[in-house]
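Trainee: The residues making up each chain are set out below.
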Amino acid sequence: MPTSDRSDVLQGTLDLLILRTLAAEPLHGYAIGQQINQTSRALLQVPQGSLYPALHRLEKKGLLAAEWIDTEEGRRAKVYRLTRKGHQQLAREIADWQRVSKAIGWVLQS
Amino acid sequence: MKFLPDWFRRDRIERDIDEELAFHVEAHARDLVSDGVPPEEARRRALAAFGGMAPITELTRDARGGRWLQDLLSDLRYAVRSFRHQPGVAVVAILTLTLGIGANTAIFSMVNGLLLRPLPVRDPGRLVLFSDSASEGTQSSTPPPSGRWDLFSSEAYEYLRSQSLPLEIGAFASGEQTVALGLPGQSTQDLRARAHLVSGNYFDVIGAAPALGRILSNDDDRPGAVPVAVVSDVFWRQRLDADPAAIGRAITINGTAFGIVGVTAPGFFGERVRRSPDLWVPLAHQPQVQLRASAAARPELYWLSLFGRLGPSHTIAGAQAATTSALRQFLTASAGAQPSDNDRERVASVRVQLVPGARGISVTRNQNRDLLVLLLSAVGVILLIACCNVGTLFLARAVARQREIAVRRALGASRGRLIRQWLTESVLLAGLGAVGGGIVARFAAPPLFAAFVAASSPAKATIDGVVLAFTTGAALLSSLIFGLAPALRAGGVDPLATLRGAGPTSSRRRAAATDPFVVAQIAMSMTLVVAAALLVRTLINLERTPLGFDQDRILLASLSARIPGADGANAHATDARPEVLDLWSRVYDRIRALPGVESATLARYSPFNGSSNSSSLAIEGYVPAQGERVGAETIAVGGNYPQTMGMTVIAGRAISPADRPSTPRVAVVNASFGRKYFAGGNAVGRRLQIRAGAPHEIVGVVEDARFHSVRTSPPPTVFLALLQDSYLSATCEVQLRTRGDAALMTQTVRRAIAEVDGRVEVGRVQSLRSQVLATFAPERAAAGFFVGFAVLALFVAAVGLYGTVSYGLQRRTSEIGLRIALGAARRDVVWLVARASVIRLASGLLVGALLARAGGSLVSAQLFGVAPNDALSLLVAAATLSVVVALATVRPLARAMRIDPMIALRTE
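Those sequence lines, one after another, are chains A and B.
Residue numbers for the first sequence follow the numbering used here, beginning at 112 and rising by one.
Residue numbers for the second sequence follow the numbering used here, beginning at 0 and rising by one.
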């Protein structure tokens, strides 16, 4: 698989991506990965396994809440949603990100 | 603390993680299947994309935190399992640590009880004392000429209190007063109570609240105030039936009615750490309590001890400077308008010295502080020995388990993780040892404490929070000492080399690893044995030193006369004197006539009973040097004194029963007195003046005798005639020389004295020998403790050495078998095993001797008649250790002798 037009998720941005994805709707882990993949037009590849330590860490921080629901196939899935604290954190991180990317953009254009 | 609930739900969380990850893989596989991938292949690809189930599970679990606790638990489980494999090692280690930590906890709880625990009052840290020397019952009618003041007159105290100083100053009479007590509605006579005279602000300053009623106030302490008293909790319960209505009732103290205004809180005992007084009475009522003239009216009487409570944000140093300058102002003012140069010089030298008072005053503490600190360092050495012992076992285990460790490393356990695993085992053992030690100390400390502190004292060697903290610290420290070396060794194992090498490493190298521990044990035991030997020799020396009087066959009975106002110190009690004189004469005559009594005498006090009495003198023909204080110890005695006590009359005669108030005043001096004041010339016929009245003519000289301490040489002493002098007092001692065993006469003497006159109260009756021996109690305690410590240390060291030798032998069984098979003589085999012990012993003794020499200065203050580097003690210690090492080697040696080469080689 060619690597030139795809990027591994930047260190530290995985949390931001997860928060943003869950801001729209509650999802389980696999769906989160799929969602990031699709919305980034397959440019961002989240290593599937690395989602879970991140999810559990965010849950422990109180940014996410999780509950087990029964899926249509009769399986139990753990579905995460953003808490109020998570929404605030997301807003902060988006602002940070935009500031940083703007700054980097200026540096690159100069 | 969010990890705690997590931790309790640990199993469920792990299941959840497993299920969640499995769901992911399945969901991915299903998507692949719907894209047309065959199910088997879909599953494989989903798993591969996920990136390995086990590491992700691990990472996810880590992300939840609380991991260290889980590790700790698994380490503990592992430790328990590994000890179950070798229960012998674990049991020996725990027992050794129990002894070591138990000894430390016991001694520390004593240190805590006597040296550290603060008074049970509000904010004790702000209390200061003007003196902690605890000189009790002292009063002086000559002002301390210069230097530090620790006793004050009423006038000086009032002045200091009236000044605005950085501390509030309270006062109490130096010493308690035993008073005759009358209770409401009880006609019982003979009730006694201990009353303490204190200033009106005493309870405020010390910081004690009443449990009932109120504390004393400054108004209670004004001249002419209604007499009131505060009673102790114990007194209220025992004498007043814990009746809340007792407040407001009156009790009589020496015949004067006092209203009870309050009861102190349970556990309060005042400024002195000992049995609480029964009553606290304002200083203003001193005449009624002491049955003496008013001390407040005598500016030359120094009878008050002071203490204070520092105001907020004031320091001791500041308070001390301010109080000193206030005291100088007072002295300058009282020196008058035109002070002499002498006065000015004296005033300038006067100072107060404040010491922290949080822990109150304790004679016992002052006497035993050094010894307790010494004991604490000794048990510290025992704990070190115990640690070395367990360290030996652990190192041996680390070596034996090298292969297991190598496997764990090869399987991915990190170095740090392995070290932590080994330290966990150490901490587990030390923790169990600490529990055992705490139990040992809980039961051992109180009886040991009794060697220092009376059972009635509020100072107790209880296991409180401070002690528990100490024990925990000691356990952790020990686990580091004995656990670190093996742990580092385990962490340092190279898995490849160990597993490839596979065979046991050379036996000599293995022995060498534990050798420093063994040598250290021998060396440290040696220091304790040397110290024990030195202290035992000290005790023997003390008991054998000739004191200048006989101790055997002399019986002492302390008497007091219940005649009101008979105290000789009372200037107004002259009326009672003929009565007392008559009383003592009749007692004396009766005792002398008893069958079995060789001779008898009277004395104000006996040798080694803790009393002493010094007076200023003027000696005819002696010109004191500039600033010299001419004085001597003065003891009033009856007839036949030297004869009864077995003292030698060098010149002239002794005090005789015929020396009465009607005959010329006489005195007998001791040889030191003659040497000091007559330059060795003839003392008989010279005259000396004590206080007012006619001078005393010296009629005889006796040989020096040590009356107070074996360690100090006798001071110049004057013996006066008890039946002649103003020293006549309401208390005295009958001393009699018996024909047979003195102790057998006890009951006879008691009865005989009681028959003479009902007003004579017989106190303690005991032999002079036991009174003298009782004063060696601290030295006996020190020797006893150290002998105990030495035995403990030897025992622990012997167990450790036995273990090391046996273990070493076990590892070398096949080597020895091979040697025998190759024709080695049994003798050579013995030497092979014994050589290691001999080398360890020799190096241990050498290091031990050096250590003992270095530590000698620690004990030197406790020694008498023996030098810290005493050769005999060193020899005794070396011999004892050799025997112990031999004993620890003999059994393994015997086993080595019986090794059958065929069996030994087959087991390899």
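If you're looking for bench data, these hints aren't it; they were derived computationally from the structure.
All C-beta atoms in this analysis are idealised placements derived from N, C-alpha and C, irrespective of residue type, glycine included.
Do not take every clue at face value.
Stretch-level coverage of chain B by chain A, calculated; a stretch enters the list once three of its residues show a Cβ under 8 Å from a Cβ in chain A [unchecked claim]: (1) 11 to 25; (2) 243 to 252.
SDA-like cross-link-like pairs, simulated, lysine to any residue; straight-line CA separation at most 20 Å [said to hold, decoys possible]: (3) A:LYS171 / B:ARG14; (4) A:LYS196 / B:LEU58; (5) A:LYS171 / B:ARG894; (6) A:LYS171 / B:SER163; (7) A:LYS172 / B:ALA62; (8) A:LYS172 / B:LEU58; (9) A:LYS171 / B:ALA62; (10) A:LYS171 / B:GLY787; (11) A:LYS172 / B:THR730; (12) A:LYS171 / B:GLU57; (13) A:LYS171 / B:VAL829; (14) A:LYS171 / B:ILE16; (15) A:LYS171 / B:TYR604; (16) A:LYS172 / B:GLU13; (17) A:LYS172 / B:TRP67; (18) A:LYS172 / B:ILE16; (19) A:LYS171 / A:LEU201; (20) A:LYS171 / B:GLY174; (21) A:LYS172 / B:GLY739; (22) A:LYS171 / B:PRO123; (23) A:LYS172 / B:ASP15; (24) A:LYS171 / B:LEU58.
Residues from chain A that face chain B, not an exhaustive set, calculated with beta carbons under 8 Å [unchecked claim]: (25) THR132; (26) ALA135; (27) PRO164; (28) LYS196.
Trainee: So, against the hints stated earlier in the document, which numbers end up violated here?
Mentor: 2, 4, 5, 6, 10, 11, 13, 15, 20, 21, 22, 25, 26 and 28
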